[in-house]
Amino acid sequence: MRTRWQRIKDSAFLYHFLRDPVAYVSFAILMVLTISAFAAPLIAPHNPYDPTTIDIMDAELPPAWTDEGSRTFVLGTDEMGRDMLSTMLYGMRISIIIGLGAVFLQAFLGIVIGLLSGYIRRLDNILMRIADVQLSFSTYMIAIFIGAIFQTAFGVANYEKIAAPLLILIIGLAEWPQYARTVRASVLAERKKEYVEAARVIGLSKLRIMGRHILPNTLSPVLVISTVQVANAIMSEAALSFLGLGMPLTKPSLGSLITAGFEYIFSGSWWITILPGILLVLLILVINLLGDWVRDYLNPKLYKG
Amino acid sequence: MTAINANTSPDGSDVLVSIRDLVKHFDISGSWIEQLKLQDGRLQRKKTVVQAVNGISIDIREGETVSVVGESGCGKSTLARTVMGLYPPESGAVFYREKRIDHLSEAQLKPYRTRMQMVFQDPYASLNPRMVVGETLREPIRFHQPAIGSRELKTKVATVMEQVGIDPDWQNRYPHEFSGGQRQRISIARALAVDPKFIVADEPIAALDVSIQAQILNLMMDLQEQRNLTYLFISHDLSVVEHISDRVAVMYLGALCELASAENLFASPRHPYTQALLSAIPRLGRPFSHKKLSGDIPSPIRLPSGCVFHTRCPYVRERCRQEVPTLISLPDNSRVACHGVEEKWVPN
Amino acid sequence: MGKLLSIEHLNVDFAMRTETLRAVDNVSLAVHRGERLGLVGESGAGKSVLGFSIINLISKPGYIDSGRVVFQGQDISTYNDEQMRTIRGNRISMIFQDPMMTLNPVLTIGAQMKETLLAHASISDAEATAICLEKLRKVYISSPGKRLTQFPHEFSGGMRQRIVIAISLLTNPALIIADEPTTALDVTIQAEIMDLLLELCESDRMGLLLITHDLAVVSQVTQRIAVMYAGTIVELGPTGDIINRPQHPYTRGLLGALPQKAGDSRRLNQIPGVMPGLAKIPPGCPFNDRCNMAGDICHEKRPPLIVKQSGNQVACHMVD
Ligand SMILES: Nc1ncnc2c1ncn2[C@@H]1O[C@H](COP(=O)(O)OP(=O)(O)OP(=O)(O)O)[C@@H](O)[C@H]1O
Ligand SMILES: Nc1ncnc2c1ncn2[C@@H]1O[C@H](COP(=O)(O)OP(=O)(O)OP(=O)(O)O)[C@@H](O)[C@H]1O
Ligand code: SF4
Ligand SMILES: [Mg+2]
Ligand SMILES: [Mg+2]
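Each protein sequence line maps, in turn, to chains A, B and C.
In terms of the working numbering, the first sequence opens at residue 1 and continues consecutively.
In terms of the working numbering, the second sequence opens at residue 1001 and continues consecutively.
In terms of the working numbering, the third sequence opens at residue 2001 and continues consecutively.
Isolated chain A (complex conformation) (with noise of 0.2 Å):
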């Protein structure tokens, strides 16, 4: 009996991967960033969270490699005062916990609804229209909406604790179609397979035939577009903190890092939102990389090519 790093070794996957410059680069940058994100408490130079550190005088302190830049603030430091490089891995951190948070409940609601939609036809009109309502709306007039209830529900200052659930809900609400409509096209391919039938045959109920036997056979192409939808919810929450509906700038993400600095690019501290907003791009285009990878690897038509 192989073991299971035996079979991983052996693995198409590890071979096409490891052979694929594009893939482990980005993937190893990935790791990087996601990594240094979450470790942000112990490698930032600086608490941006705590406001007894901050001195108002370090304000727009260029970066360090350039005239005026000092030795404690390697990335210069942002309007208030705060060291750049701290507040960026702590937007990181904020802006990756984000887009992972809504694609998990974009994923958790699509992949029911499709399930339910592909397997039992008298649902499927229902929440197929559904979810074309659901599309029609732009995340953005969503956001807005929900953003505008809760601020005046809960009050400004409130609003900062509850910023990045509501913003996890908001973006995990607007985007749940893709789910469902990936999910229930495999499914509609998967039910008429004879294993289904088969399960059938011996009376398995149908929460458990679509549970046990529909749904890992669907989990390919919900891996694919789970990459995507990623970046996609962290591109979202950046516009929304942009338009100022997203993160606050006590909690900042990348987003609300960009736009508090915009105001600052003319006055010639252009680090403040340029800095971010590489970081933005580089987290973006490495997930981005790695989804068009994993989507051409699950669909071995296009890689032979």
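By construction, these hints were calculated from the structure, which means they are not laboratory data.
Since no wrong hints were added, every one of them can be taken at face value.
Restricting the straight-line Cα-Cα distance to at most 16 Å, the calculated cross-link-like pairs of lysine to aspartate or glutamate (EDC-like) are:
| id | chain 1 | residue 1 | chain 2 | residue 2 |
| --- | --- | --- | --- | --- |
| 1 | B | Lys1292 | C | Asp2195 |
| 2 | B | Lys1292 | C | Glu2199 |
| 3 | A | Lys206 | B | Glu1139 |
| 4 | B | Lys1291 | C | Asp2186 |
| 5 | A | Lys193 | B | Asp1122 |
| 6 | C | Lys2261 | B | Glu1242 |
| 7 | B | Lys1291 | C | Asp2195 |
| 8 | C | Lys2060 | C | Asp2013 |
| 9 | C | Lys2280 | B | Glu1177 |
Based on these hints, arrange chains B and C with the ligands on the given structure of chain A.
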């Protein structure tokens, strides 16, 4: 000929499964917008219905093998799936030992699921690709005997695997690690796991190589002997059907043309369609001598009037175009649905 | 009878990621003018690869490693694409299992037939139409004039395959390679198509290489049969001899496994095991692990395909 009534249960006590006047149609017209058609200047709603199975009756006796043959699309698989309760029939009935089972709910059907099982055609689609074969075999047993101990479950799975000739040590492998023939064995093992009496096999060897076909057929015949199984065997390979069946049902466009013992059917086919079908079987080293049929099979969406075979039948007469022939019993117990046979204008 | 096509010591390899696999192993085979040759074997034996390699159509990781394909006196295995086009679809036509591999679903069959014709000959449109009609009549398509304006999906499977045959006849080829032309069809339609192929080959003295796994079908259509196993030809001889007096244990096993040969016993004679995949072909005779006659030498030396006492060419150490 006695009229078959869908509401009376079969009388023969050795009849295990009885199919009575079974009708199965598929509505393929889609949503109601797609059903709208402009006709005679008016908008009308029209349904498109595939008449896949139209009034088929077969009594299957315990321990025998009844085969169903016929061209592609004639409704063999639909018949099999309707008997298994995978499709609800439009009308007609299915009996298991005098109990009517076609209208039961899933929960009421549960005890019959252990009695009736199915083996499918495509060895590459009939096993869940994400499940190790051991789990594929454990699942039905656990489902029907939730109280079973883990040791007993293990020996049971090992026993069926051995019975079908798969090494029990391979339980933790995925289906893609097996050859087509081995997968078909595993499919058979899954059907056997719940100790059924009756197995529907829908073209179980069609996707396999000649040298593997013999292995699977031998396995099925051995199992039949060991466990006194009853088979409804669907195939388009007539030489295989001739070899393994006790009785053969010939289908054409959803209708039963002829039902006879394998010996009688292959020695003296009565129905003009059976005659044409049998003459087309390629025989080793014998030159072609098939009866040519003119024309193509009509669509099951618009069935021909009268005898469904009349558009291609070489012996067609006016009565065939008007009147649907019913099954008549011949002296040798064969049953044929043909006016020409009844009135003796079709030679045999 | 002169040789129309002669395949000489052909090796076809597939370059896989970890190793190179040999799908066609040292195959020599000839089709004479006007001869119908059957190539039988089970799935994966290399029949299609051999068929494709004749007209240099092997797909990507595959390539002809060595050997020659001589067609009408010329080695066509070295032809480039340009040269091959004068042969493929012209002097040699191919018919596949799925007619839709040949037919374009969005063009009428008239357009497709004329396209084929005009690619190989400079004739007027009216002449082309006349030839199309003639060929459609030849394959017994009724009212061919109307058919020319119809699309492939308007035909049944059997009619599509007949149209494909009509297309393959357009250029009056000297050789037709038919790869499982009736596997997807019903027996009644299969009988019609085979009848048709037989008739056409006889009337036009065309060569036919009929690839199939159905021994009964080849036995009715062909004059000689080549039996393929794991990339090699294991037996080659006149149809009657192969069917009635098979020599190679594999051919015997295949024929014996047919229900007709079971006699009174209910059990069929079966060959144990399965054909090995390309990566697992045993050394020596490729059939040695399933053979009931195998001796020590079978595990050591690859048996050559040579003429034996019976007159058939057999690749087996144990057959005299
Ligand atoms: N789920 C379905 N929905 C709509 N039409 C169907 C469905 N299943 C089968 N049909 C139609 O019913 C007819 C009978 O199909 P069926 O699969 O029973 O034929 P078959 O005899 O098993 O053919 P084959 O030998 O090709 O398996 C066909 O015309 C088919 O297109
Ligand atoms: N593109 C390919 N890449 C890798 N291996 C291939 C490729 N095409 C064919 N092969 C291998 O070559 C061998 C011969 O295949 P081939 O298609 O010739 O079999 P065949 O005898 O025609 O079988 P069938 O009856 O299934 O058509 C097989 O083992 C197959 O796996
Ligand atoms: S009833 Fe008439 S048309 Fe039908 S099979 Fe008999 S003779 Fe032919
Ligand atoms: Mg079928
Ligand atoms: Mg092939």
